[in-house]
Amino acid sequence: GAVVSQHPSWVICKSGTSVKIECRSLDFQATTMFWYRQFPKQSLMLMATSNEGSKATYEQGVEKDKFLINHASLTLSTLTVTSAHPEDSSFYICSARDQGTSVGTQYFGPGTRLTVL
Amino acid sequence: SQKIEQNSEALNIQEGKTATLTCNYTNYSPAYLQWYRQDPGRGPVFLLLIRENEKEKRKERLKVTFDTTLKQSLFHITASQPADSATYLCAPADTGRRALTFGSGTRLQVQP
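Order-wise, the sequence lines are chains A and B.
In terms of the numbering used here, the first sequence opens at residue 91 and continues consecutively.
In terms of the numbering used here, the second sequence opens at residue 360 and continues consecutively.
Hints in this document: simulated from the structure, not taken from any laboratory.
A portion of the hints provided could be inaccurate.
Straight-line distance between alpha carbons at most 20 Å, and here's what the computed EDC-like set of lysine to aspartate or glutamate pairs gives [said to hold, decoys possible]:
hint, chain 1, residue 1, chain 2, residue 2
1, B, Lys362, A, Asp117
2, A, Lys131, B, Asp443
3, A, Lys145, A, Glu112
Bound conformation, chain A alone (with noise of 0.2 Å):
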């Protein structure tokens, strides 16, 4: 099946630095990955639509310049934490849609656990 990586698996840093987490589809091409934020004990929450070659889409209450997405090839986005505070602590996960399948069936990473202090 699909393969989607995410780097790191986790992190820590202290508050105020910038965090970088990978997401590539190892397998496939992906023209559309989505990253997604998860607290404790609930679901998946979309955070933005990352589209290769455009400016990513954010959803509503979500800071664009606090969640920097590059999408920069076909199977690789980035989505860059700045200015990390403790309250962005949280289970970040990428998905990407497998453009090979009718539907465009969704895979998803590992996750990338983000700590900050």
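Keeping the supplied structure of chain A fixed, place chain B upon it in accordance with the hints.
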């Protein structure tokens, strides 16, 4: 507004029994519905996709039904095993272009 409802209570069953999880949706006209499994601290793993014109789909011990009249999907795991313990998420979708929206998930606990 669109709503996806899954059993919020955890489902506890004995090993070997069949687990049945429910997904109800409102204000959706999904062309298909996907089921995922999520383990603690991990991203969701794709299990099965069923289209609106399919009543039932099977994959090994998994079976999914899709009733567009009732606006409901049922997810069955037969001969359940402790390794099946996880949270199961459903996601109806009307197009593959948009991001998936998930229900809150049902946590399944299979007792040995």
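Hey, A/Lys131 versus B/Asp443, does the alpha-carbon distance stay inside 20 Å?
Since the Cα atoms of A/Lys131 and B/Asp443 sit roughly 19 Å apart, the hinted pair holds (cutoff 20 Å).
Take the C-alpha atoms of B/Lys362 and A/Asp117, compute the straight-line distance between them, and say whether it is at most 20 Å.
violated, 33 Å
Between the alpha carbons of A/Lys145 and A/Glu112, is the straight-line distance 20 Å or under?
Given that 20 Å is the threshold and the Cα spacing comes to 17 Å, the pair holds.
The structure fails to meet hint 1 from the earlier list, while all remaining hints are met.
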